[in-house]
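Novice: Sequence:
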Amino acid sequence: MQNAGKKRIYVVPVLMRTLDILELLCRSDISLNSHEISNATDIPHTTTYRILQTLLHRGYVAQNHGGKYNIRSQPAKDPISPRTADAQGFYDLQLLGTTLKADQTVEVLNTVLQSLRHPNEGSLNYNF
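Under the numbering used here, the first residue of the sequence shown is numbered 49, with each subsequent residue one higher.
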């Protein structure tokens, strides 16, 4: 005999947890570390960390220098991700007492990366 009034609900547990994390970050006015996110969502810390690393890799969240996460306004890609980096996803950078805007930060970082790959080419001179 079938349950006439019951609908079966099919869910993917890790996807439900991922959405819980994204929803928390969307509601939060401050950046949160992985332990805070784990405690707030009641998701085991290891799972929280792995989900956050995946979201970070795919460009859905950003991580600051203090290790805290926040949501990006739009998913952004980085060169190793299937998505492409957008300047809004990067933080402004304090460099020698000058605050660089996001696009300038990206330019500096790209130049630094190029100089690390090819140490005998070019220089790191910036006048912002």
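Calculated directly from the structure, the hints in this document are not laboratory data.
The C-beta atom is built at its ideal place from N, Cα and C for all residues, glycine as well.
Don't take each hint at face value.
In silico DMTMM-like links for lysine to aspartate or glutamate, alpha-carbon gap of 20 Å or less [said to hold, decoys possible]:
id : residue 1 : residue 2
1  : K55       : D77
2  : K116      : D77
3  : K116      : E155
4  : K55       : D90
5  : K116      : D90
Label-pair distances were calculated between CB atoms; the ranges are [said to hold, decoys possible]:
id : residue 1 : residue 2 : range
6  : E155      : V59       : 41 to 51 Å
7  : N112      : T89       : 27 to 37 Å
8  : R98       : G53       : 13 to 23 Å
9  : L70       : E155      : 27 to 37 Å
10 : E155      : R56       : 16 to 26 Å
11 : L63       : E84       : 14 to 24 Å
12 : K54       : R75       : 28 to 38 Å
Novice: Each hint needs a verdict: does it hold in this structure or not?
Specialist: Each hint, compared with the structure:
As the CA atoms of K55 and D77 are separated by approximately 37 Å, the hinted pair breaks the 20 Å bound. With a CA separation close to 12 Å, the supplied pair K116 and D77 stays within the 20 Å bound. Annotation: proposed proximity of K116 to E155 is violated, straight-line Cα distance about 24 Å (limit 20 Å). With a C-alpha separation of about 27 Å, the suggested pair K55 and D90 falls outside the 20 Å cut-off, and the hint is violated.
As the CA atoms of K116 and D90 are separated by approximately 18 Å, the hinted pair is consistent with the 20 Å bound. For E155 and V59, the Cβ-Cβ distance of about 44 Å falls inside the hinted range of 41 to 51 Å, so the restraint holds. Our hint of 27 to 37 Å for N112 and T89 is violated, since their Cβ atoms are close to 20 Å apart. As the Cβ distance of R98 to G53 is approximately 38 Å, the hint placing it in 13 to 23 Å is violated.
Evaluation of the 27 to 37 Å hint for L70 and E155 yields a pass: the beta carbon distance comes to about 30 Å. Taking 16 to 26 Å as the suggested C-beta distance range, the pair E155 and R56 does not conform, at roughly 53 Å. Between L63 and E84 the beta carbons are some 22 Å apart, a value that agrees with the proposed interval 14 to 24 Å. Between K54 and R75 the beta carbons are some 32 Å apart, a value that agrees with the proposed interval 28 to 38 Å.
Checked against the numbered hints given earlier, the structure breaks hints 1, 3, 4, 7, 8, 10 and satisfies all the rest.
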